[in-house]
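Q: Sequence:
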Amino acid sequence: MPYPALVRLLGAAAGSAAHSAAAPAARPAGADVPRLTARQTAVLTLMAEGHGNAVIARTLSCSEHTVKNVVYELMARLQARNRAHAVARAVRHSLI
1 MPYPALVRLL
11 GAAAGSAAHS
21 AAAPAARPAG
31 ADVPRLTARQ
41 TAVLTLMAEG
51 HGNAVIARTL
61 SCSEHTVKNV
71 VYELMARLQA
81 RNRAHAVARA
91 VRHSLI
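At position 50 of the sequence shown (counting the first as 1) the number is 50 in the UniProt record's numbering, and the numbers step up by one without a gap.
Any given hint might turn out to be false.
Said to hold, decoys possible - For each label pair, taking beta carbons as the anchor points, the in silico distance ranges come out as:
hint: 1; residue 1: 81; residue 2: 35; range: 17 to 25 Å
hint: 2; residue 1: 92; residue 2: 37; range: 15 to 23 Å
hint: 3; residue 1: 37; residue 2: 82; range: 15 to 23 Å
hint: 4; residue 1: 33; residue 2: 72; range: 14 to 22 Å
hint: 5; residue 1: 32; residue 2: 55; range: 29 to 37 Å
hint: 6; residue 1: 32; residue 2: 61; range: 30 to 38 Å
hint: 7; residue 1: 68; residue 2: 34; range: 25 to 33 Å
hint: 8; residue 1: 82; residue 2: 33; range: 28 to 36 Å
hint: 9; residue 1: 94; residue 2: 39; range: 28 to 36 Å
hint: 10; residue 1: 54; residue 2: 33; range: 27 to 35 Å
hint: 11; residue 1: 76; residue 2: 45; range: 17 to 25 Å
hint: 12; residue 1: 72; residue 2: 49; range: 17 to 25 Å
hint: 13; residue 1: 33; residue 2: 81; range: 26 to 34 Å
It should be emphasised that the hints constitute simulated quantities derived from the structure, not laboratory data. Built from N, CA and C at the ideal position, the CB exists for glycine as well.
Full structure from sequences and hints, please.
A: As structure tokens, this is what we get:
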């Protein structure tokens, strides 16, 4: 699914949940929202566009090993099981 379509879809789902009477109470702003570095945000954005580690490394002018380390840090910080889950959590928290 293209990234802009995913953002629209998740935004629509969040909007309808906010208007639902059964929706849970809203969290305070900034609660449980992980903070990302500029490099983590750049890697995550390229991951969301579907690029692999080699392309991300070339785009950011760094090594594939560096990209792997950043992805590993992202997975831990976002508490994600895989790359798709990391992107979904980042979109949900408006990090990308």
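Q: Each hint: holds or not?
A: The hints, checked one at a time:
no.: 1; hint: 81 to 35: 17 to 25 Å; verdict: holds (21 Å)
no.: 2; hint: 92 to 37: 15 to 23 Å; verdict: holds (19 Å)
no.: 3; hint: 37 to 82: 15 to 23 Å; verdict: holds (21 Å)
no.: 4; hint: 33 to 72: 14 to 22 Å; verdict: holds (20 Å)
no.: 5; hint: 32 to 55: 29 to 37 Å; verdict: holds (31 Å)
no.: 6; hint: 32 to 61: 30 to 38 Å; verdict: holds (33 Å)
no.: 7; hint: 68 to 34: 25 to 33 Å; verdict: violated (19 Å)
no.: 8; hint: 82 to 33: 28 to 36 Å; verdict: violated (20 Å)
no.: 9; hint: 94 to 39: 28 to 36 Å; verdict: violated (19 Å)
no.: 10; hint: 54 to 33: 27 to 35 Å; verdict: holds (30 Å)
no.: 11; hint: 76 to 45: 17 to 25 Å; verdict: holds (18 Å)
no.: 12; hint: 72 to 49: 17 to 25 Å; verdict: holds (20 Å)
no.: 13; hint: 33 to 81: 26 to 34 Å; verdict: violated (19 Å)
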